[in-house]
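In order, the protein sequences belong to chains V and Z. Start counting the first sequence at 1; every next residue gets the next number (UniProt numbering). Start counting the second sequence at 1; every next residue gets the next number (UniProt numbering).
Below are the DSS-like pairs computed for lysine-lysine, each with C-alpha atoms no more than 27 Å apart in a straight line:
(1) Lys215/V / Lys138/V
(2) Lys81/V / Lys19/Z
(3) Lys59/V / Lys19/Z
FYI, nobody ran anything at the bench for these hints, they're computed from the structure. The model shown is predicted, which means the values in this text are computed figures rather than measured ones.
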Amino acid sequence: MINRLRVAAAVAAFAMLPSITAFAQETKSKLDEVLARGHLVLGTGSTNAPWHFKSADDKLQGFDVDMGRIIAKALFNDPEKIEFVNQSSDARIPNITTDKVDLTCQFMTVTGERAQQIAFTIPYYREGVGLMLKADSKYADYAALKGAGSSVTISVLQNVYAESMVHAALPDAKVDQYESVDLIYQALESGRADAAATDQSSLAWYMTQNQGRYKDAGYGWNPQTYACGVKRGDQDWLNFVNTTLHEAMTGVEFDFYAKSFKTWFGKDLTPPQIGFPVEYK
Amino acid sequence: MDIAHFLEILWLARIPILKGLGMTISISLLAICVGTVLGVFVGLALTYGARPLRWIVRIYTDFIRGTPVLVLVLASYYVLGTIGLDLNPFQAGILALAVFCSSHVGEIVRGALQSIPRGQTEAAKAIGLTFPQTFAYVLGPQALRQVLPAWVNTAAEMVKASTLLSIIGVAELLLRTQEIISRSFLSLEFYFFAGFLYFIINYAIERFGRYVERKTAVPS
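Isolated chain Z, as found in the complex (with noise of 0.2 Å):
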C-alpha cells in the first residue's frame, strides 16, 4: 500500500468525498428526523389510541419492522411509481428510510411510556391535568429517559440504512466511494476510509445522545 499515492487520489477526490458525505448526513438527518416525528405520533398510537386505530398502526409496525430496508427502497421507488406517485431516488429513499425509522422509534415510545407506572397517569388525572399536559409535564421527560439510548441505537442504524440507496442511484458516500474506486483501483484503501467516514458520523451520534442523557438526568 503506497500511502503517498492514496493521499494524492484523495486529495483529488476530495471534492466527491465530501459530496458524498454531505448526502450521507443530509440524508440520515432527514430520515432521523421525520421517523422520529412519526415514530412518536406511532408510540402514542399504540399505547393509548383506540382498539381500531391501536390495531391499525399495530400493522404498520409489524408489517414495517418485518421487511428489509432495501425492499422498502426498492418499493417506494418502484412500486409508488406505478399508481401515479413518481419520486425521484432521493425523495424515495428519504420515504423509506423515514417509514422504517418511525415503526422502531414508535416500538421504543410504546415501551418507554408502558413502564411508566399507571399510577402516575392516574395522579395526573387526580390534579386536574389535561392529556396533553399529563404527556408533557408527566409522562414525556420519564419516557425521554427511556427511549435516548435505544434511540442513539436506531439513529445509528439509519446512517448505516443509507448505503442502500446507492442501489437506487442516490450519490451518497458508499457510491461516491466506489465511483473513486472504479477509476483509481484503490479498493481496500477507500472503503478502510469510508468505513472511517461512517465511524466518525455514528460516533458523533453516540457523544450527541450521552451529551442529551447528562443535560436530563435526574439530579441525584
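Just chain V, with the same shape it has in the complex (with noise of 0.2 Å):
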C-alpha cells in the first residue's frame, strides 16, 4: 500500500516538473527568445498581391512582409534576419496561440472576436472597398456613378454580402458578381462592368501595375483595420512590437515605411509634422 502511494507521488511530481519549468520560463518574455534566437519567426501567407506573394524570381514579398521586416530591423538591425512560416489564412490564429510563429502579419482585420483569442498590435493599415474606373470611363468619379442609378454595373467577387456591400454605395447599380479577382477586372477592361468594387489595396496594387489605364473613383467605404497578431500574456513583447510599428509610422523608421506604402499601394505619405507629437492632436 506504501508502496503504491509512492508510486504515486513519484508520478504526480513527475507530471508536474514540466509546469514548474513552464512557469520558470514564463517569466521570459517571447522577446528575449527571439533576441536569443537570433532571427524572428514571422506567420504570413504566399498568396495576396500586394499584402504577401511572391515575386518572379520565387522571393516573398509584400506589405505585410515589410511589416516583418521593420520589425526584424529593430531587433537586429538587419531587416532579412527573418524565417517566413507559410501559412493560409485559416492558420493565423491557431500558429499564434500554438506557438509556430512569433508575430502574424497578414492583412488580418481586427475584430472583437478574434482579440480574445490573440493580442493585437497597433494598425498598421485601414482597409476599405473601393471602385475602380476605367482611365476614359464616361463616369468621372463616384458621384457620377452614384446620379447615373440603376444604368451602372458593378463587378465585385462573389459573396454573401456582396450585393449588400456595392448598395451600400450605390443603392440602384446593377451587381455582377465573379469567382476570382482576375473576372472582376476582366469585366471592366471589356465593358460589360462600368466599375469594379473591391478592397481598396487590391485596386491600388492593381493600378501601380498597370498605369495609367485605370483610375480610382475617390470613394471608400466598409473600413477594417489591419493589425499584426501575438500571442495573449506577455505584455513585453506586445510593447515592443507597438513601439516598432508605431515608429515606423510616426517616428525614426517613417522612411522605410512611407517607402513600401508606395511601392504597395502608389501613394506618398505626408511626413508626420515636426513639433507637437501627430498621435495627440
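Using the hints, build the complex out of the two chains.
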C-alpha cells in the first residue's frame, strides 16, 4: 500500500515537472527568446498581392512582409533576419496560439472575436472597399456613378454580402458577381462592368501595375483595421512590436514605411509633422 | 484568353512550378510508400492477429478512415505540438497522409487475404510451411493480384490529398500555383494547368499499376 502511494506521488511529481519549468520560463518574455534565437519567426501567407506574395524570382514580398522587416530591423538591425512560416488565412490564429510563430502580419482584420484569442498590435493599415474605373470611363468619379443610378453595372467578387456591400455605396447599381479577382478586372476591361468594387489595397496595387489605364473613383467605405497579432499574455513582446510599428509610422523608421507604402499602394505619404506629436492632435 | 501572355508567364514561373511538382511527387511517394508498408502490417494484424491486437487495430483503422484527411493534417500539425512532438509542416503532412493511407491499404489487404480460401492456408500447413513462408509463397502472391486495382485507387487519392498540405504551408503544386495566380491574375489558365499536371501524375500511377498487374497475372 505504502509502496503504491509512493509510486503515485512520484508519478504526480514527474507530471508536474514540466509545468514547473514552464512556469520558470513564463517569466521570460518572447522578446528575450527571439533575441537569443537571432531571428524572427514571422507568420504570413504567400498568395495575396500586394500583402504577401512571391515575386517572379520566387522571393516573398509585400506590405505585410515589410512590416515584419521593420520588426526584424528593430530587433537585430537587419531586416533580413526573418524565418517565414507560410500559412493560410485559416492558420493565422492557431499558429499564434500554438507558438508556431512569434508574430503574424497577414492582412488580419481586427475584430472583437479575434481579440479574445490573440493580442492585436496597433494598426498599420486601414482597409476599405473602393471603386475602380477605366481611365477613359464616361463616369468621372463616385458622384457620377451614384448619379447614374441603375444604369451602372459593378463587378464584384462573389460573396454572400457582395450585393449589400455594393448597395451600401451605390443603392441602385446592378451588381455582377464573379468567382475570382481576375474576372472582375476582366469585366471592367471588356466593358461588361462600369466599375470594379473590391479592397482598396488590391485596386491600388492593380493600378500601380497598370499605370494610366485605370482610375480610382475616390470613395471608400466598409472600414477594416489591419494589425499584426501576437500571443496573449506577453506584454513585453506586445509593447516591443507596438513601439516598433508606431515609430515606423511616426518616427525614425517612417522612411522605410513610406517607401513600402509607395511600392505597394502607389501613394506618397506626408511625413509626420515636426513639433507636437501627431498622435495627440 | 491570351495564349502568348499565358505561355510567357508560365515560362517565367517554370522554376516554382517544377519545385511544387517535385514537392507534390515526393509527398505522395513518401506517403504512399510508408502508408503501404504500415498498411500491410495493419492488414495482417486484422486478418491473423490475436483478438486484443485485432481489436486495437480495428479501432485504429475505423477511427482513421472515419476522419477527413484535412482533420488529420491539422491534428498532426497542431495537436502533436501541444504534447511535445513538434513537427514541421512537411513532416506533419507526411505523417497524416501516411497514417490515412495505411488504414485504407490495411482494409484492402485484409479483404484480399480473406478472399483466399481457407484450404490454402491449411494445405500450406500440411506440407510444413511456417507462417512467414505461407505468406511469402502462398498467400502473398495471390493477395497481391487482388490488392493492385484498389491500391492504385488509394495511391491516386493520396496524390489528390497532398493538396491539403497547402493549408499548413507546404509549398506543393497547388500552393505554388496559387502564388503564381496572385501575381499574374491568370486563375483559370493556371488552375487548368495544375489540374493537367495532377492528371499526368495519376495517369502515371495508373500505368504503373497496370504494368505490375500484367507482370503478376497468372499466365493463361
